[in-house]
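**Student:** Now for the letters of each chain:
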Amino acid sequence: MKFDISYTFDAIPRLLEGAFVTLQVAILGFTLSVLLATTITVARTSLNSKIFNSILAFYISFIRGTPILVQIFLVYYVLPVFGLNLGPFTAGIIAITLNSAAFVTEILRGGLASVPIGQFEAAKSLGISGYALWRKIILPQTFITSIPPLVNEFTMVLKATALLSMITVVELMRVSQQIYSANYHPVEVLSGTFVIYFLMCFVVSRSSVFLENRFIVKRAR
Amino acid sequence: MTSNFLELKGLYKTFDNITALNNVSLNVSKGEVIFIIGPSGCGKSTLLRAVNWLTPPDKGEVWLEGKLVGSSSSKLTIKEAKLLNNLRAKMGMVFQQFNVWPHLNVLENVVRPQLVVAKRNKANAESKALKILDEVSLHNKIDEWPDHLSGGQKQRLAIARALAMDPILMLLDEPTSALDPELVGEVLIVLKRLVNNGMTMLIVTHELGFASEFGDRLLFMDGGEIIEEGSPKKILTMPKTKRLKMFLKKLDITSFKH
Amino acid sequence: MLEYQIFFDYAPILLIGFWLTIKIVVCAIALGIPLGLFLALGRRSNFVIISFLSTSFIELFRNTPFIIQVFLFYYVLPFYGLRLSAEYIGVLALAAFGSAYFAEIIRAGIDAVPKGQLDSARAIGMTDWQAMRNVILPQTLSIVIPPLTNQTLTLIKESAILSTITVHELTMTGLMVQGETFRPFEVFIMVALLYWALNETIATIMRKFEQNTKKNRKAGSIGNSSTTLKKSTSIK
Chain A
1 MKFDISYTFD AIPRLLEGAF VTLQVAILGF TLSVLLATTI TVARTSLNSK
51 IFNSILAFYI SFIRGTPILV QIFLVYYVLP VFGLNLGPFT AGIIAITLNS
101 AAFVTEILRG GLASVPIGQF EAAKSLGISG YALWRKIILP QTFITSIPPL
151 VNEFTMVLKA TALLSMITVV ELMRVSQQIY SANYHPVEVL SGTFVIYFLM
201 CFVVSRSSVF LENRFIVKRA R
Chain B
222 MTSNFLELKG LYKTFDNITA LNNVSLNVSK GEVIFIIGPS GCGKSTLLRA
272 VNWLTPPDKG EVWLEGKLVG SSSSKLTIKE AKLLNNLRAK MGMVFQQFNV
322 WPHLNVLENV VRPQLVVAKR NKANAESKAL KILDEVSLHN KIDEWPDHLS
372 GGQKQRLAIA RALAMDPILM LLDEPTSALD PELVGEVLIV LKRLVNNGMT
422 MLIVTHELGF ASEFGDRLLF MDGGEIIEEG SPKKILTMPK TKRLKMFLKK
472 LDITSFKH
Chain C
480 MLEYQIFFDY APILLIGFWL TIKIVVCAIA LGIPLGLFLA LGRRSNFVII
530 SFLSTSFIEL FRNTPFIIQV FLFYYVLPFY GLRLSAEYIG VLALAAFGSA
580 YFAEIIRAGI DAVPKGQLDS ARAIGMTDWQ AMRNVILPQT LSIVIPPLTN
630 QTLTLIKESA ILSTITVHEL TMTGLMVQGE TFRPFEVFIM VALLYWALNE
680 TIATIMRKFE QNTKKNRKAG SIGNSSTTLK KSTSIK
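Protein chains in written order, with our numbering: chain A, 1 to 221; chain B, 222 to 479; chain C, 480 to 715.
Here chain A stands alone, though its shape is the one from the complex:
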């Protein structure tokens, strides 16, 4: 069988719609993940609770030690058992958020460690504490240092969205499956899909350099 690129081109419009869904899922999931991870990071530093740290350690170890596909299945199949019938899209977002948050927490931990202790002390002596301390002084520095690993994590999230096809979320991967199961030209359709994923991830990872340069002025070092 010869490779017929017309099938690829024909599939592009629908594939791009799927890609749009992919981006939505990724951005939503990553945003929630960062919010969750930030909360955890602030709590971890402020609370200094052994119980909290143990639970956190267990959570991170679980997420990092198991395949994300299994985590997705766990959320999708298990939540209904407990009465939560959320549907594939929500289940997928939850799984991705929980997964990514564990990694972002570790990233922020590293970023936080690079903020000099003097920052906390100087702020305290100026009477800045609590919300303002974090929002204006600590977190900005943490995030700027963490830009490269955060961008990398976002590409991981982008790639993970493809797995949601396994729980019937209609993102790019699923769309491509729908197309080629109808026209029996999986190679042509998958090739187009491959290229679209590649462009998305490649552009994102190159943006890391761009973002770093944009924020480099703010680094007083």
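Worth double-checking, as some hints may not be accurate.
Now the stretches of chain C that chain A is said to cover, found in silico as 3 or more residues with beta-carbon under 8 Å [unchecked claim]:
| id | segment |
| --- | --- |
| 1 | 521-530 |
| 2 | 637-643 |
| 3 | 649-656 |
| 4 | 665-679 |
Since the hints were derived computationally from the structure, they do not count as laboratory data.
Predicted, not measured: the structure shown is a model, and the values here were computed from it.
In this text, a Cβ means the ideal position worked out from N, Cα and C, and glycines have one as well.
Mind docking chains B and C on chain A? Use the hints.
**Tutor:** Using the frame of chain A, we list chains B and C on its own:
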């Protein structure tokens, strides 16, 4: 073709906008010991690294015993690359940072190049290695790992490694600059012996006392050029150019006669 | 609420799937690491074509989801007359995916070796390949083992995706058991625990290994040490 032992012809080299070598030419006779001094960034290391084509110059040629080591105008064919490697084996190079191989023990450091480059058999390579390590006073360290050696010992190992290849020319790039003062002497002893055995040597150094005692010729370089050239004693006692005078003043030379 | 019987009844079949997971990952790294070395050297090559092809391969496999690579392998290989079983396709796909990451790890390792090492190797007359083999790569080894192990852990997790092309590894087996028992919680917890246990085991071994090598390097002080760690004079 040339009858000189080592000939450097018209070497130019720029890095970004800095001229490291500006039309440098040099003829070296067999058995000559030449010391090169100068402020940092003057091109001394670049010159040395051009001799064995480690840092190929942008323009110029290097000839060793009538054979072309490298020319900027010719691209390296496989045959020429092979010749270059053969010639490099005849030029022993010793670095400021020693560059001994940490994953091989002392004996292996000296044996491996003999096996791989000179293609000697293991027995010959080992016996030669043992002999040379004895000459540099490392005979009791042959099982040691380079990590456990002092700086002076590492440098002596580096010299032994180079000598095992039976070089006809030794290139030494600040061999003692990275050593604690009390370890310099043990390396100088080894170099002294090499000089007395008639080895042709190009040495970049700050050890002016050593230079004046053992050098046949002293080169003062600055800005990529050889500014003054002559017998070490004459140059160091009677510097002609302002640049050399300033350089010597900076080193605070009241007496260099060690 | 929790049907403990499930654990006992279905553990054996899950372990069979687990065993296939292990076999697949072992084969994948056996293929992937040499390929990664080849790609790393290719990337640094002076021949533009080799360098371009290596870099392209690496970028293509690092910037796309593994699942689509798996599907492409699954549908494309028969095109070229390669009628392989899903397991073999899975191994090839995982090896290719892994090699792209291994390549970057090895490349970073090579770059981490001090430049003077290459200088001294070239200065003594070694060809580039001799320098690599005798001086650079041996030093790269100790640098790259931790990140290579890390990547292996990633491959173990990515292997779950092979369930999408019906390879009967652990995840697929889990899905089948789930389909039979309708007890997703018990089943997927068992599956997750098996992955997690394998992960932790390898990670712990690696940590111990790293601590051990750090201890060995610290021993022996400069200048007066006559202790030797290895009494062998074996020349390889």
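**Student:** So, against the hints stated earlier in the document, which numbers end up violated here?
**Tutor:** The structure breaks only hint 1.
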